[in-house]
Each structure stands twice: as C-alpha cells, then as structure tokens.
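Asker: Listed below, chain by chain, are the residues.
2 protein chains.
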Amino acid sequence: MNIPQTSFPRVVIIGGGFAGLAAAKGLENEELQVVLLDKHNYHTFQPLLYQVATGGLEPDSIAFPLRKRFNDIENFYFRLAEVTNINAERKEVSTSIGSLSYDYLIIATGSTTNFFGNTNIEKYTMEMKSIPQSLNIRSLILENFEEALLTSDLEERKKLMNFVIVGGGPTGVELAGALAEMKKEILPKDYPDLDIRLMKINLIQSSESILKGMSEKASEKAEDFLIKLGVDVWKNLRVLDYDGETVSTNGEDHFKSSTVIWAAGVKGESINGLEAECIVERAARYKVDGYNRVSPHKNIFAIGDVACMNSEKYPYGHPMMAQPAIQQGRLLAKNILAELKGKNMKPFIYNDKGSMATIGRNKAVVDLPKWKFQGVFAWFVWMFVHLFSLIGFRNKAVVFLNWVYNYIRFDRETRLIIRPYKNKNEYSFKNEI
Amino acid sequence: MNIPQTSFPRVVIIGGGFAGLAAAKGLENEELQVVLLDKHNYHTFQPLLYQVATGGLEPDSIAFPLRKRFNDIENFYFRLAEVTNINAERKEVSTSIGSLSYDYLIIATGSTTNFFGNTNIEKYTMEMKSIPQSLNIRSLILENFEEALLTSDLEERKKLMNFVIVGGGPTGVELAGALAEMKKEILPKDYPDLDIRLMKINLIQSSESILKGMSEKASEKAEDFLIKLGVDVWKNLRVLDYDGETVSTNGEDHFKSSTVIWAAGVKGESINGLEAECIVERAARYKVDGYNRVSPHKNIFAIGDVACMNSEKYPYGHPMMAQPAIQQGRLLAKNILAELKGKNMKPFIYNDKGSMATIGRNKAVVDLPKWKFQGVFAWFVWMFVHLFSLIGFRNKAVVFLNWVYNYIRFDRETRLIIRPYKNKNEYSFKNEI
Numbered sequence: 004m005n006i007p008q009t010s011f012p013r014v015v016i017i018g019g020g021f022a023g024l025a026a027a028k029g030l031e032n033e034e035l036q037v038v039l040l041d042k043h044n045y046h047t048f049q050p051l052l053y054q055v056a057t058g059g060l061e062p063d064s065i066a067f068p069l070r071k072r073f074n075d076i077e078n079f080y081f082r083l084a085e086v087t088n089i090n091a092e093r094k095e096v097s098t099s100i101g102s103l104s105y106d107y108l109i110i111a112t113g114s115t116t117n118f119f120g121n122t123n124i125e126k127y128t129m130e131m132k133s134i135p136q137s138l139n140i141r142s143l144i145l146e147n148f149e150e151a152l153l154t155s156d157l158e159e160r161k162k163l164m165n166f167v168i169v170g171g172g173p174t175g176v177e178l179a180g181a182l183a184e185m186k187k188e189i190l191p192k193d194y195p196d197l198d199i200r201l202m203k204i205n206l207i208q209s210s211e212s213i214l215k216g217m218s219e220k221a222s223e224k225a226e227d228f229l230i231k232l233g234v235d236v237w238k239n240l241r242v243l244d245y246d247g248e249t250v251s252t253n254g255e256d257h258f259k260s261s262t263v264i265w266a267a268g269v270k271g272e273s274i275n276g277l278e279a280e281c282i283v284e285r286a287a288r289y290k291v292d293g294y295n296r297v298s299p300h301k302n303i304f305a306i307g308d309v310a311c312m313n314s315e316k317y318p319y320g321h322p323m324m325a326q327p328a329i330q331q332g333r334l335l336a337k338n339i340l341a342e343l344k345g346k347n348m349k350p351f352i353y354n355d356k357g358s359m360a361t362i363g364r365n366k367a368v369v370d371l372p373k374w375k376f377q378g379v380f381a382w383f384v385w386m387f388v389h390l391f392s393l394i395g396f397r398n399k400a401v402v403f404l405n406w407v408y409n410y411i412r413f414d415r416e417t418r419l420i421i422r423p424y425k426n427k428n429e430y431s432f433k434n435e436i
Numbered sequence: 004m005n006i007p008q009t010s011f012p013r014v015v016i017i018g019g020g021f022a023g024l025a026a027a028k029g030l031e032n033e034e035l036q037v038v039l040l041d042k043h044n045y046h047t048f049q050p051l052l053y054q055v056a057t058g059g060l061e062p063d064s065i066a067f068p069l070r071k072r073f074n075d076i077e078n079f080y081f082r083l084a085e086v087t088n089i090n091a092e093r094k095e096v097s098t099s100i101g102s103l104s105y106d107y108l109i110i111a112t113g114s115t116t117n118f119f120g121n122t123n124i125e126k127y128t129m130e131m132k133s134i135p136q137s138l139n140i141r142s143l144i145l146e147n148f149e150e151a152l153l154t155s156d157l158e159e160r161k162k163l164m165n166f167v168i169v170g171g172g173p174t175g176v177e178l179a180g181a182l183a184e185m186k187k188e189i190l191p192k193d194y195p196d197l198d199i200r201l202m203k204i205n206l207i208q209s210s211e212s213i214l215k216g217m218s219e220k221a222s223e224k225a226e227d228f229l230i231k232l233g234v235d236v237w238k239n240l241r242v243l244d245y246d247g248e249t250v251s252t253n254g255e256d257h258f259k260s261s262t263v264i265w266a267a268g269v270k271g272e273s274i275n276g277l278e279a280e281c282i283v284e285r286a287a288r289y290k291v292d293g294y295n296r297v298s299p300h301k302n303i304f305a306i307g308d309v310a311c312m313n314s315e316k317y318p319y320g321h322p323m324m325a326q327p328a329i330q331q332g333r334l335l336a337k338n339i340l341a342e343l344k345g346k347n348m349k350p351f352i353y354n355d356k357g358s359m360a361t362i363g364r365n366k367a368v369v370d371l372p373k374w375k376f377q378g379v380f381a382w383f384v385w386m387f388v389h390l391f392s393l394i395g396f397r398n399k400a401v402v403f404l405n406w407v408y409n410y411i412r413f414d415r416e417t418r419l420i421i422r423p424y425k426n427k428n429e430y431s432f433k434n435e436i
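Chains as they are written, first to last, in the working numbering: chain A, 4 to 436; chain B, 4 to 436.
Treat the hints loosely; a few may be bogus.
No distinction is drawn between identical chains; accordingly, a pair holds when it is met within one copy or between any pair of copies.
Calculated lysine to aspartate or glutamate pairs in the EDC-like style (CA-CA distance at most 16 Å, straight line) [as the list claims (entries may be wrong)]: (1) K192 / E77; (2) K301 / D106; (3) K42 / E85; (4) K425 / E85; (5) K192 / D75; (6) K42 / E150; (7) K161 / E150; (8) K162 / E85; (9) K186 / D235; (10) K375 / E278; (11) K42 / E146; (12) K375 / D355; (13) K42 / E149; (14) K259 / E95; (15) K270 / E150; (16) K425 / D256; (17) K346 / E95; (18) K132 / E278; (19) K356 / E211; (20) K42 / E92; (21) K344 / E278; (22) K187 / E278; (23) K337 / E31.
Calculated directly from the structure, the hints in this document are not laboratory data.
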C-alpha cells in the first residue's frame, strides 16, 4: 500500500462515516500514524440521502471528499480500498489493494441493509444506504412515470405508479413524505397527461406505530402529517415477500407495485476474520465493552452502527444513528491517546441529544430530552441542525440555496435520470458501490 | 406512444439541445402539436462539461429537466426515447418506445465524437459529449491518482499521471487548462505522498495552431496561457493510434498514458433512414438548404450541429457551436409558423456573435466581431456569458456559488468518484447514455 513504517504506532480506521471521521479528527497531529480506509473517496451525509432520491438535492452536495478533509494533517494517509479480512493474530487487515498491519484497529464500517435472509426481497427491492443507491431510486421513480405514460394497460399503469416503502423508521417516513410532496407539487405538472390520482404511496410498518424510537406524540403527529399528505400508512402489517410485481404480506392486503423501497432494517457491516463470538447475531454488530473494545482483542475497537455496546439503558446497543457514532469516535480517540500516555480510558456514556424526522414542508417532529414539539418550528430546527451538521462550507451553501429555492418555488429541480436504472437492474448493477 | 391525434399539425423535434429547445420555444402556444423526443430527460449545457469532468461543478447544475421547461405549455408532449429510424415516405419515426407520425420533422440530434473510423481509439480513449461521459473522466482521473499511490513501479506511476488530450479546439484547451489547475492547486494537497512533478498534461494538435476557429491573437495567447500553466502543447503532431498504453503519432514523440481524452473531432448524430445524398460524408451532417430543409423533403428540417448549410462565408457549414444552433432553431420555428399561414420563409443568415474559450483562473480569450481581448477581463466576460446562458435560476445560482467558492478558495470540491469507471471500462459501460 506504499505507507511508510515509522516509529509511531499505526492506527487503521476502516470507514469514513460519522464514527470514523470523528475518531480520525481526534487523532490529528498526535504522535501517531493514522490510515483511513474507505471504499468511497467521499464521506456521505446519510440523513439527506432521501432528498437525493427524490430530486431535491444533487448528490455532490451531501458528499465530501475524504482526502480534502485531511489534506493538511501530518502522518495521515487515506487509501481507497475495501477491507476483506481482519487477522487479529497477525495484526493485519487484507484489502482490495493489499494488506496492512496495524497497532490499533478501529472498525467504523457502519451498517448495511438487512433483508433478513429473504433473497427475493434483496433482489427486487431498492435500498438507500449510499449515493449510488439513492440515484437508482431517483432514476427508477422517473423511469416508471415515463413508462406509465406509454402503456394503455390500466393495471400496468397503476403498478408503475404504486410506491411501497417498507419500514416506518425515519428513513421510510422521510422518503414517504418527500414522495407525497412530489405527487402534490411536481409530478402533476411534469406529467399532465397522466391521472395523478393513480399514484399511491404506501408506507408499511410491521408494528403498531411508526417512528418507534421516538415519543408517542412524535409518532402520532408524523402519521397524521403523512396521512394529510396523502400517504397510505399501514401498521401491524408485515411484508413477507416481493417477486418484482406483488408485495405479499401477512394480512389481507397485497400490493401490485413496480417500486418497492426496503427501509425495514439495517445490520452492521461486519468484516470477515474476527471470531464469531464478537458478533451479535442477526444484527451483525460487533459486541464491544464500555470502551468500544472488541474483546478479547486489546487493540481492536468498533464504533458507530457496527458496534453493539450493551448497557442498562440500551440493552440492545445504542441506536444506529449519527450521534452515538460521533460521540464514540470522539471518545475513542481520546482513550487511545490516554492509553498511549499510560493513563486510564474512560467508559462511554451516551449523551442522548434527541432525535427528529421531517415529513414535508413545515412538517417535522422533534424529540429533545426535555422538550418535544412538532410542526413548523420543528421543521426549521430540523433544517438548521442538518445544515449545520453537513461537512464543508460549499456543501452547506449549496444545500441551503436548494432548500430556499425548493421552498419558495415548491420545486425539486434535480429530477434528472443521470444514471439510468431500468433494464439494468441486474443484481450487479444494483449493488455497484 | 399515447400521444393524441388532434386536428393541429404535429411537429416532432428530435433532441433537446440548444437547437431543439430554441425551436420548441418558438412553437409554444401556437396551433400546433409539438412532440419533443430525447434519450435523456434533461438538457445538457455542454460548454461546461469540462468543469464537471474536473470536479469544479456538480452534474446536476449544468442539466435542466426537459419536462419542467415545458410543463406549462399546451399541446406539448415530451417522450424519453431514442429515435432509430426516419421513414420520410410514411412521415414516421421509429423509436425505442414505438413509432410516431409527423407533419413536420425537426432533426436536432447534435453531434457525437468522431473517431474517424479508428476502433482502437474509440475503444480506449475517453470522450466528453455527455454528463455520464464527463463523470467517467472525473472518476478515471481520480482513480488513476489513487492507483499511482500504490504502485512501486516508477514507469507505471508516470503512465498513470500522464494525461493526453487530443485536439486543440475549445474543448481540448479548456480541459487542459482545468487539469493544469488541478495539478497546481488540488492534487498536491490531496496526494502529498505523490511526486506531482510526474504529472504531465499534453495537448496534441494536428495543425499548426490551437483554437483554429478563433483569431491568431487568441490562439497565440491561449497557447501562452497553457504553457504558463505547465501544459505541454504539441502542434503539427497527429495521433495515429492508442492501444490503452501508448499513444503513437506521426512524429518522433510517443506518449505512455493511462488517460487519453479524445477531443479531436465531432460528427453529426445522423439517424438511419434518410437517403444517403442527404448526408455530408465524414461529417455525417444533413445537407440543408437556406431554410434548414433536408431536401428533397419539404417537411423535414435539420438544425444545429447535425445540419450542414453551405454558404459563401461557410463553405463547410456553420461552426458546430451553440450560437448557430440557437439561431437556426429560432428562425425555423418562425418559418414553420409562416408557412402554415401561407407566408414566405426567410433564409438563415448567421449572426456571428464571436467565440471565446477559458484556460484558467483570470485567463480567457474572447473574439468579438469588432474587438478581441484576452486575460482577466475576458475571463469575467466568459463567466458572465456562460452563467447567463445556463437554463434555470437554480442552476445559475448553484454554478455562481461554486465559481465564487472555487475562486476564493482555489478549490474544486466535487472531486468525488460517484460513478466508478475503472475496471468497468468495457465498451458497454463507456457508452452508457
């Protein structure tokens, strides 16, 4: 990999998401060599992927070049590489561009879509964890509308205009809301010769409420917002299968749809090589101790979505969101530096700053630890927090400009099929990184 | 295609580039049915493709959704379709989504890269006529740098960092300048462990001067700018072949390079079906009369790059640029309306507003009919004209914001490999629309 061996200990970080970046930042300009590995050359701001998928933002404005982030840092190396194996005994990772030894290893690989073993669903539904996947969804929505124009078969047209989103978490809710706004403001103008009433947006949730991680009030209000926007919300309904045409469920309702988006589950993006006992089954996350250490390995840590730290308050690990990832990354950097200086590490305590979701124009729900509110003000808070969290001034400015424009003009102008999806949806294309 | 037959005559326009859009605009809200066909759902502002390729702009900001452009126009239809054949006798076009009859046909398909029959060059070089192709170039540049980091073979590294641009027209010159600025400002920071002196940018021109269509002064000054930026300009050198490794020429100089961009020629994007005599050989443009009519067909017109109108001043047709395309589109719309009202058509006279090219920061050349100037002021004029010509307020604003940011920060922040190219460069991927 052409990375020099120095007298400094080498910290290898796998993944440039929220967790990995926070750890790397904490280790800047110390007596350490830091190597960051990622399969993309950019950081993805995942909370706004749904706006890329629905034509509200350009992909470049929610991505930030990883090299730029660190290009003035001494002893820092970035390599564009996919890690394929961890060898804890040899203290070495294998990657697509060769192997690399480490003194400390930080696994910050994040999460990937969980299809719970259903290969049909994996094959036919769309996922939205990366920028290329979001562009696939954008293309498919628009391509289906173009096709709906052409068919004279009413059933076929209905199927092309029927959208099913599986999973009532923040991703599913935000995407359903954005689609509903496209239905209201954009698509009737763009497709005046289509009967827009045929367009249906279904949000399917297996349990009895949406936004399960949030307060009851937030969940109710979000559902209310969605229904007002014209989304059909299905609760206590479990999707069993999808053959590319029909979504079958455990209830009476089945859905003929050409576009099914799977937002019903995530799992850790774990890597081959660490012993089986390190992995929490099903969730595929690494079991870590209070210092994010993947025991029994003293020098291997996992942070963010891929880490599962059990505590009294969080018996199944912390929520798979940006905040725990950032906080764990920051603390781990401090802990590694402390250990190198012979000091004690501090255990991780999650500072829950709250959570929020946006449903549409002037419609959001916010749960702060001491205050829960919904509506216009929540929507402004949501926007401010997300704008503030984006990396880079240019990104902030471009996103802000797009939001102001979209707000004033009731528009989403990046509805471009730049990366056509249809007739290419072989598995290989779908999973392109 | 599900387009209603009305009592209005139907005008079918193939292509939503500068020419097609100008014609469509001129036919708005008249007693006509207008059908616009394009293989993309967006208009591409081709003059700025090189900035997408070099990470200065996001693709979405130089594209505009075609449906949005016309979504408040009566009797206007857009279809996402590729036209495969023209049947003049039956007054019908065949497309990827079925056939369509016309009363008037306007061919505005633009131009495509001309490899002059060299299949090796077609296979191994990069072209830059569309957004996906520009993104391929952006990815390849960055991927080659990532790879250059990894190899310990100096010759291999030199090859990966050696860029060859064939063709000294505006495209080649602007791209060479932008690459030179990346070399100066961006890449040394992003790749501090690479010896940036190994990076070479070669611009190869077969004739004795670059920017042949412009004034001698502009050509000389542009060359001067390029050389100051560190570009190696090769004149009177003809590229004969490229096998994916070595560019061979008719001179003594050969170039080992992993990235060869072919900007040495364009030809009309003609369509099967019109008789051979309509086509100017080699250039593949339709021979048209003074009214842009493809004789002997009274109701078939060609405008823009794909049209070749011989005149005393332009014996080989008008230059393949935006201005003739826009002017021909506008006049043709008026002429069709005139004919429908029994009035006479007006012959086309090209109003040459001049031409310009930018080489880099504060460096451009502008030839106006009565004034030729170079340098900082030319650069501001270039920017103003391009900003003003972009379609859509949002695009103008985003591009402006990026330019201001890039100017102040000496940066180009969209250096993201969102669409990986390497190891995928089979012919099929390369030519994806």
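Asker: All hints, please: hold or fail.
Answerer: Cross-check of the supplied hints:
In the homo-oligomer, the alpha carbons of K192 and E77 lie at most 16 Å apart only across protomers (12 Å), although the nearest pairing inside one protomer, at 53 Å, exceeds that limit. Proximity of K301 to D106 under the C-alpha cut-off of 16 Å is restricted to the intra-copy arrangement: shortest distance 10 Å within a copy versus 78 Å between copies. When the C-alpha separation of K42 and E85 is checked against a cutoff of 16 Å, the pair qualifies only within one copy, where the shortest distance is 5 Å, while the shortest distance between copies is 35 Å. Taking the shortest alpha-carbon separations for K425 and E85, only the inter-copy value of 15 Å comes in at or below 16 Å, while the best intra-copy value is 27 Å.
When the C-alpha separation of K192 and D75 is checked against a cutoff of 16 Å, the pair qualifies only between copies, where the shortest distance is 7 Å, while the shortest distance within a copy is 48 Å. Taking CA atoms no more than 16 Å apart as the test, K42 paired with E150 passes between copies only; the shortest distance there is 13 Å, against 34 Å inside one copy. Taking the closest pair of Cα atoms, K161 and E150 come within 16 Å of each other only inside a single copy of the chain (11 Å); across copies the shortest separation is 48 Å, beyond that limit. With identical chains, the CA atoms of K162 and E85 are never at most 16 Å apart, being 38 Å at best within one copy and 24 Å at best between copies.
Within a single copy, K186 and D235 get their C-alpha atoms as close as 13 Å, which meets the 16 Å cut-off; across copies the closest is 53 Å, which misses it. Proximity of K375 to E278 under the C-alpha cut-off of 16 Å is found in neither arrangement, the shortest distances being 42 Å within a copy and 72 Å between copies. Taking CA atoms no more than 16 Å apart as the test, K42 paired with E146 passes between copies only; the shortest distance there is 12 Å, against 29 Å inside one copy. For the homomeric pair K375 and D355, the shortest alpha-carbon distance inside one copy (14 Å) is at most 16 Å, but the shortest distance between copies (64 Å) is not.
In this assembly of identical chains, the alpha carbons of K42 and E149 lie at most 16 Å apart only when taken from different copies (12 Å versus 33 Å within one copy). Taking the closest pair of Cα atoms, K259 and E95 never come within 16 Å of each other, the shortest separation being 49 Å inside a single copy and 35 Å across copies. In this assembly of identical chains, K270 and E150 lie within 16 Å of each other by CA distance neither inside one copy nor across copies; the values are 34 Å within and 31 Å between. Taking CA atoms no more than 16 Å apart as the test, K425 paired with D256 passes in neither setting, with 27 Å inside one copy and 45 Å between copies.
In this assembly of identical chains, the alpha carbons of K346 and E95 never lie at most 16 Å apart, being 26 Å within a copy and 81 Å across copies at closest. Taking the closest pair of Cα atoms, K132 and E278 never come within 16 Å of each other, the shortest separation being 26 Å inside a single copy and 51 Å across copies. Taking the closest pair of Cα atoms, K356 and E211 never come within 16 Å of each other, the shortest separation being 25 Å inside a single copy and 67 Å across copies. Proximity of K42 and E92 under a CA criterion of 16 Å is satisfied in neither setting, with 24 Å inside one chain copy and 55 Å between copies.
Taking the shortest alpha-carbon separations for K344 and E278, neither the intra-copy value of 29 Å nor the inter-copy value of 82 Å comes in at or below 16 Å. In the homo-oligomer, the alpha carbons of K187 and E278 never lie at most 16 Å apart, since the shortest distance is 51 Å inside one protomer and 47 Å across protomers. Taking identical chains as interchangeable, the C-alpha atoms of K337 and E31 lie at most 16 Å apart only when both belong to the same chain, with a minimum of 11 Å there against 65 Å between chains.
Hints 8, 10, 14, 15, 16, 17, 18, 19, 20, 21, 22 from the list above are not met by this structure, while the remaining hints are.
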